[in-house]
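A.B. asks: Spelled out, the chains give:
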Amino acid sequence: MNDQQQTLWDFMRQQSDKLATQTLEHIGLTFISLFLAVLVGLPLGILIARKRKLSGSVLGIAGVLQTIPSIALLGFMIPLLGIGPKPAIVALLLYALLPIIRNTYTGITGVDASVKEAATAMGMSKWQILFKVELPLAMPVILAGIRTATVITVGVATLASYIAAGGLGEFIFGGISLNNTNMILAGAIPAALLAIIFDFLLSRVQKLNFKKIKAGTYALPVIIVLLASVYFIPSAYGSKLTAGFTPEFMGRQDGNLGLQSKYHLKIHTIVISDAVMYKAAYEKQLDVISGYSTDGRLKAYNLVVLKDDKNIFPPYFAAPIVRDDALQKFPDLEKTLNLLSGKINDTVMTELNYRTDYLHESPEKVAKDFLVSKNLWRPERGGSDGIVRIGSKIFGEQYILANMYSMLIKGYTDYDVTTKTGLGGTKICFDALTNNQIDFYPEYTGTGLLVILQPSQQIVNSVEGNKEKTYNYVKEEFDKRYQIKWLQPIGFNNAYALMMRQKQAAALNVKSITDLKNYLDKK
Amino acid sequence: MIKVEHLSKHFGKVKAVDGISFDVNEHENLVLLGTSGCGKTTTLKMLNRLIEPTHGKIFINNKNILEQQPEILRRGIGYVLQNNGLFPHYTVGENIAIVPQLLKWDKKRTEHRVSELLEKLHLSKDFLNVYPNELSGGQQQRVGLARALVADPPVLLMDEAFGALDNVTKAKIHAEFKALDELKKKTIIMVTHDVQEAFELGDRICLMDAGKIVQQGPPADLLFKPKNRFVEDFLKEQRLQLEFKAIKPPPPPEGGTFKLHGAVLPAEMSLWWMIEQLKFTKAESITILDHQHKKVGQLSFEDLTSAFYQYKQQQRHE
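Chains as they are written, first to last, in our numbering: chain A, 1 to 523; chain B, 524 to 841.
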């Protein structure tokens, strides 16, 4: 993979099919949601303009919906609506609701009272006043609300790819995980353009004079429905089982690409976020998922790891990586971080992950319990000899490790600690490290090799499958290229793995990836 | 024509209108006069049910309007608002044609009626396709009047219709208003706080205060036979002008008219108006004609002032 040398244009041309599909999906998702939001929001806005007592609570609820983080809202939808377009559309609709309701309400209540009185006194009925007076006069304000909602929806729709609803988010989040700037831009630029174009078009609609708006009010829903229908053009194809892979897994040689080239696995695949993937598998929305071998949810959701009998997943031993200048600045740091080295094996890590991911214990408590049990825990010294900045990626295991390191540093040194946890992916975490935003974070050898260094296939083949060789290679190269030091491995190997529900795997008699392939090929 | 019985409107504990009764005869112009908050506008709005009364009854043509469907009732009553309430998204033509549209007139009839009204109200036909915000205040008020008159309703309600206009425009519209023959066939109830306007346009005046009618009657009665101090004080300002406006010259002989510079003057004009006409046109006198259009006398400035003193004398002896 030589993405670095490839230009953005090359990438977009190469992936033009995917790009077109994703753009259409994106437009479709945006307008289905928008159409439904107008269908719900407009009457609600009219209702609360009539019954002002309701306005506080309706606007309040819509406001609260708006403040729920988008990824959390998508997460709430899974138990109710599963994965795919349905929950995505509902979530987008909820986001688009507030500006539409609020502007309808403001627009209608803002109509000059004497005009409304004149309309009543002339003998117009309530509905005639609504359609002939209030709505036409409120239309510029209502359109402004729809415009805001459109831009919000185009933006939030990128997140739809987290729950397998497609859209330009597939490129964006795939690119972030894979450290592939071209891929990010191939998703981000069209998404930004869509927002700008729709905003511009709606601003033109808004400026039309009253006369033309009368015709426009009928034309607009038609246009929205047409755009919405675009979503259904790229239709899904069926297969016996459905796989859900993370955007990162989709684009990796030691991921889906390897599955295709070495196992020749052909399975109906949808792209989904790591955050909701396990649950979707548990709820039978998905049959095969790409997970991590130490993930606590493996235990929580009764999943089983399929044996990687052709060794396509390289070892992923975790170790803290630190910038050289941070090691100089904090002389006690290295030996403190190495206190953890060799202390956590796969089973221990899975157990710890299980406690945070499934039993919902706080990472802090889990970290402290572990350190106490190993006699590593010491009370804080309350030091003020500089501040060490710890980073972590956005999943439980990294939170636990970051907490352990924080406690060790506070207990064994005179440094203080700040944590910047939840950095969304390898690229973001690594960029934060190289740009001196954090001092260290726990990284995995396989990720360092394949995502950050991206060496030639020969080198990959030469170190593949061997823990020491991989570790030594990344350690050397990181030092040379980035002046970043790999400290001693913590002990566990959090490699990629394919997993299925235990029951289903047993029923289909699938134990390894080859078994899975054979099952799928049987027609 | 209109009969109001023991009408009340309470907003919570506040009695905005407190058990008032009055009658309006056909083709009469009744003015509800009073300071802001006296209940005059509330009273007016109860007549077309923009506000529903708490107690009391209202009859128009012997029909209890509270038993009628409000929309149907309103289509038969013209209504002119202070801030004109024209639809900003409708052209002048469309604004005037609102009620005909609700009554489902055919297009030709509507068009004919609209252009007829434009002419009567001295509005150019070019305004038909213009939006209200492009018109002056006086023009907007005329369009508002046209809109109220378009379906030829027998009753016209006017809520401070001329209140937002400057004095010059107001005087001009007052004159047009009095000259407009459409209005002579209407029963009009108008609300105003402007005493001069009430005396100029009203056949009868209901002076209101704190939700009650203090005195009702012809302008001259209020002026010369005030019921109490309140009425007297209310009419204190520019009293001489009011007196001239309240008094009418001796009428011409049966079937006769007044004429000035060859133009027939409307009957029932006040002394004030006649003096103004003389001064405006710099004429010496107004000619009195009998039913055969033969000159039977004339009224000079002196005749008009002596008519005023005669009237005052008469009041004193009564």
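Hints should not be assumed to be uniformly reliable.
Stated by the list, open to error - Examples of chain B residues lying across from chain A (beta carbon under 7 Å, computed):
1. I574
2. R598
3. N606
4. I621
5. K627
Claimed, not checked - Residues from chain A shown here face chain B by an in silico Cβ test under 10 Å; the list is partial:
6. T7
7. V40
8. G110
9. A113
10. S114
11. V115
12. E117
13. A121
14. M122
15. M124
16. S125
17. Q128
18. K132
19. V133
20. M139
21. E476
Since the hints were made in silico from the structure, they are not lab data. None of these values were measured; they are calculated from a predicted model. Every residue gets a Cβ at the ideal spot worked out from N, C-alpha and C, and that includes glycine.
A.B. asks: Next, verify each hint and record whether it holds.
C.D. replies: How the hints compare with the structure:
1. For I574 (chain B), the interface hint is violated, the least distance from its beta-carbon to any beta-carbon of chain A being 11 Å, above 7 Å.
2. The interface hint given for R598 (chain B) is met, as the beta carbon of that residue sits about 3 Å from the closest beta carbon of chain A, less than 7 Å.
3. Hint status for N606 (chain B) relative to chain A: holds, with the closest Cβ pair at about 4 Å, below 7 Å.
4. Interface restraint check: I621 (chain B) against chain A, minimum CB-CB distance 5 Å, threshold 7 Å, status holds.
5. A cut of 7 Å between beta carbons decides the hint on K627 (chain B): the least distance to chain A is about 12 Å, and the hint is violated.
6. The restraint placing T7 (chain A) at the interface with chain B is violated, with a minimum CB-CB distance near 52 Å, outside the 10 Å limit.
7. The beta carbon of V40 (chain A) is not positioned within 10 Å of any beta carbon in chain B (closest approach about 26 Å), and the interface hint is therefore violated.
8. The beta carbon of G110 (chain A) is not positioned within 10 Å of any beta carbon in chain B (closest approach about 12 Å), and the interface hint is therefore violated.
9. This hint holds: A113 (chain A) has a C-beta 9 Å from the nearest C-beta of chain B, less than the 10 Å allowed.
10. Contact between S114 (chain A) and chain B, as hinted, is supported at the beta carbon level, the nearest pair being about 4 Å apart and thus within 10 Å.
11. Checking V115 (chain A) against chain B: minimum C-beta separation of about 5 Å stays under 10 Å; hint holds.
12. The beta carbon of E117 (chain A) is positioned within 10 Å of a beta carbon in chain B (closest approach about 6 Å), and the interface hint is therefore held.
13. Look at A121 (chain A): its Cβ gets to within about 4 Å of chain B, closer than 10 Å, so that hint holds up.
14. The closest approach between the C-beta of M122 (chain A) and any C-beta of chain B is roughly 5 Å, which is under the 10 Å cut-off, so the hint is satisfied.
15. For the restraint placing M124 (chain A) at the interface with chain B, the shortest Cβ-Cβ distance is roughly 7 Å, inside the 10 Å limit, so the hint holds.
16. Checking S125 (chain A) against chain B: minimum C-beta separation of about 5 Å stays under 10 Å; hint holds.
17. Given hint, Q128 (chain A) at the interface with chain B, holds; its Cβ is 7 Å from that chain's nearest Cβ, closer than 10 Å.
18. With its C-beta approaching chain B no nearer than about 8 Å, K132 (chain A) sits inside the 10 Å limit, and its interface hint holds.
19. At about 6 Å, the closest approach between the beta carbon of V133 (chain A) and any beta carbon in chain B falls short of 10 Å, and the interface hint on this residue holds.
20. The interface hint given for M139 (chain A) holds, since its Cβ lies 9 Å from the closest Cβ of chain B, which is under the 10 Å cut-off.
21. Taking 10 Å as the C-beta contact cut-off toward chain B, the hint placing E476 (chain A) at the interface is violated, the least distance being around 74 Å.
Going through the hint list in order, the structure does not satisfy hints 1, 5, 6, 7, 8, 21.
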